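Colleague: Between the sequences and the hints, there should be enough to build the whole structure, so can you do that?
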Amino acid sequence: MSDRATGVIHETRTRDYEGHLLEVEDLQVEFRTPYGVVNAVNGISYTLDPGETLAILGESGSGKSVSAQAIMGIIDSPPGFVTNGSIRYKGRDLLKLPESEKRAVRGREIAMIFQDALTALNPVFTVGFQIGEMFRVHRGASRQEAKQKAIELMDRVRIPSAKERVGDYPHQFSGGMRQRVMIAMALSLDPDILIADEPTTALDVTVQAQIMELLDDLQSETGMGLILITHDLGVVADVSDRLAVMYAGKIVETGSVYDVYGNPAHPYTEGLMASIPRINQKGEDLSPIRGAPPNLMRIPPGCPFHPRCPYARQRCTEEVPPLYEVSADRRSACHYWEEVISSKEPQRG
Amino acid sequence: MGRFFIRRTLEIIPVFFGATFLIFAMVFALPGDPIRALAGEKPLSPAVQRQFREEYNLDDPLPVQYGKYIAGFAQGDFGQTFRGEQVVDIMKEKFPITARLALFAFLFEATLGIIAGLLAGLRRGSFVDNLVLVSTITVVSVPIFVLGFLAQLILGAELGWFPVAGIQDGTMSYLLPAMVLGSLSLCYVARLLRTSLGENLRADYVRTATAKGLSRMRVVGRHTLRNSLIPVITFLAVDLGYLMGGAIVTESIFNVPGIGREVFLAIRGQEGPLVVGIVTAGVLIFMFANLVVDLLYAVLDPRIRYE
Amino acid sequence: MELPVLEEPQQESIDQGPTMSGPDPAGPGAAVTAAAGDAPLRQASLWGDAWRSLRKNPFFVVPVMLLIVYTVMAVAPQLFTDGDPLACNVRNNIVDGQLLIRGPTEGHPFGFDIQGCDYYTRVIYGARVSLTIGLLTVFFSSLIAVTLGSLSGFYGGWVDGLIARFADIIFAIPLVLGGIIVLNTMDSRGVPQVSFALLLFIWPTTMRLMRSSVLSIKEMDYVAAARALGGSDWRILRSHILPNGMAPVIVYSTITVGIIIAVEATLSFLGVGLQLPAVSWGLMISGAQFRILEYPHLLFFPAAFLVVLVFSFILLGDALRDALDPRLR
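Chains as they are written, first to last, in this note's numbering: chain A, 1083 to 1431; chain B, -15 to 291; chain C, 6 to 334.
For the record, the hints were derived by calculation from the structure and aren't laboratory data.
Accuracy of the hints is not assured; some may be wrong.
Only part of the chain B face toward chain A is listed, based on derived beta-carbon distances under 8 Å [stated by the list, open to error]:
#	residue
1	LYS52
2	TRP145
3	THR192
4	ALA195
5	LYS196
6	GLY197
7	HIS207
8	ARG210
Computed from a predicted model, the values in this text were never measured in an experiment.
C-beta: ideal position from N, C-alpha, C; glycine also.
Modeller: This is the structure we're talking about:
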């Protein structure tokens, strides 16, 4: 789908910056709670280009959402603090921008949709107001224009009879329709980047597919970059170009979806793959990853995955693995990635 | 919306009858003979006593007495005091005074309460927040009559800013009792707003509003404040009905000849019909305030409107 | 294609940054242990967590210490004064042949009252009735409220309708007004009578609290599990619903003790509460009410003791609420 996206629309977007559309570098985020410091994100780096879909995969507590919130600048502080790193959007470090400029980026250039549209939409305003507000505030549109725009957008995200429903409240929509409202709102100002934080987790499976298809189509139309945060491997496989797997606040493996799925280069990814039920695996046992995710206040020394890793050795408990280059666009944070990648059958945990 | 309103109205009818019957029973059925109390030291002749008993239906069983009373009440006949005054006349004279007092108290608690709640809620953990927290708990801990005396002593007698008691100085003389009457609710308003602001500021939709690139001003003013004020407004509406109960103590201390002082004197003097009349009207006001609250809720929160 | 091992927990997790922003200590702690399952740092028990945060909280420690002092004052006033609160002599108020009401002097730190009683002794002895009425009333009203609230929430249906309507009716009558009406019919009013009159009118709020907390717990999976395992109603109520539903009731009851003490003083002040010769702060202020502008000490000392006692209960309740239910902050 990125082919389609990069094809036509891209040339209409002017490119007046060096490097990637978005470059996250060595980002670190911590939460200072009365119980101790929670190291939510521990030095992650990734890039995003126009028209590209980057999937960030990880279980809850892996830091995937927090890193996205850091990009939007909506981490509650206190207790959350970005302690290190940079987030360069079109060459400008968002972390160093004054609040007013950050605000100009939010919504207009980088937009975000959230997991639960019911709580993410304001219950006391109509959806038309909430979508139209983008035009009212950022574009100075009149009430009437804003409403008109809202209807257009609702049409665009395929909400049936948009005209009649523009005055309805969020709770009057179904889960899938609400998420469409969120998407309409996020896309209203034609942002360059859309961050979708678990956009389908709260939805039924059939609706999930519709929403992902919609996002995919919209991306093709607009050529925006999409960061898809999810814990659902299925969602990732269908729509993403590249994949970053996060564990304990770190990226443990990146690469194209095809490569990573085909042959994981990190034991954690391998474990994830082994735990998916497959039709052709009938009769075989599923292999869950043993153990539990680490406590983010006490991340194990060395490789954070070592207590759960079937490949782990002495070295893993002492030396933090860097992101080894597996191939041109592929990295793995495992000292023994070669061993992992050459193992045909995933190791049973 | 209309159905909702009708349902709520129907729901409060049994409560109204229940509450007024309870009051009626407490006043007329509990020990203590009103006729004797009326007579005081001077014994009444049996003939006069009989006449009284008949007039007030005191020989009927209680439910019948109550039924006759409510029937009269519905026609605007609140009965007579044992001294022969029309209860409705007394109420006409006293109610406006209390209404004025309650209105001032209401304005006082709403304005200051909302300001204090905003200051505290928007700056959690700040000096102002702690100041509001500690001072509201302190004021809540001071019983109204103590607060009244303190106000009289300090603001009235010492500083001479306000008249100490009575209502002969017009509006000015209502201010001090109104502040005392409204003080307790002021604290509730402030704390309620602080709490609900705190909850709403953490809500997902506030994060969404920030992510939309709205200014802090708009995020708070437009997306947080409205939701946060819902419980405050509903509290204030109920409170308007409750201020009457509070007026008993305040009016007694400040010598304000309103309905609160009147009902207290009536209870002390065992003036049954007057007590029942005033309290029934009070319950009616309270119910009405509650109904208004439900409607307000429905207007302010669309989630309830369409249930 | 959902991963079994990667199932997102429904509760707040570390991944959702903003949910951690609660200023409360228990919230983030609980969220973190939920997200990071291995070897939780502490056992996440409600009361255990509450206790750990409470013992370091000055808003808990200070009122508890004050309440201990008050309790000792109520149980053994002799420890504070060797005077007799009923030993009064108007001659104490005569200074240079003039009859006054003497303020604080040497040996009599709070001065004298109108009858020439030592005010310090009377104020100390006043703690007993206030504390007794406060605790007695709240204990019995909570007993009623918890019983009715559990029945109402647990069984629903007509039981619920009946109890809820009855509570609505009581709720429509202001506490002070109801108290005055009931007490006015009694010729002799001691501690039991005043307690009784007040508890008649205060149970509905606690009942509603209990009812709603039972309603929400009833929906929990562990209750469904207990039911599926064949647990009897009584067993489920006793071992699941009561222990989990009591927290809000305990918080509210603590605050109510303070409110009841204030209301008792108010009623005694109005002349419909306790009667002389009972030693009560409300009565003391009542007896002094026409002399307060001339002799402020008559108001100040009993009022200060009263206010500090009420303050302690309310502060304690507040601290408990913060510790037990961070969402209520």
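Colleague: Next, verify each hint and record whether it holds.
Modeller: Tested hints:
| no. | hint | verdict |
| --- | --- | --- |
| 1 | LYS52 | 48 Å, violated |
| 2 | TRP145 | 42 Å, violated |
| 3 | THR192 | 5 Å, holds |
| 4 | ALA195 | 5 Å, holds |
| 5 | LYS196 | 4 Å, holds |
| 6 | GLY197 | 3 Å, holds |
| 7 | HIS207 | 6 Å, holds |
| 8 | ARG210 | 6 Å, holds |
When the structure is compared with the earlier hints, violations turn up for hints 1 and 2 and for no others.
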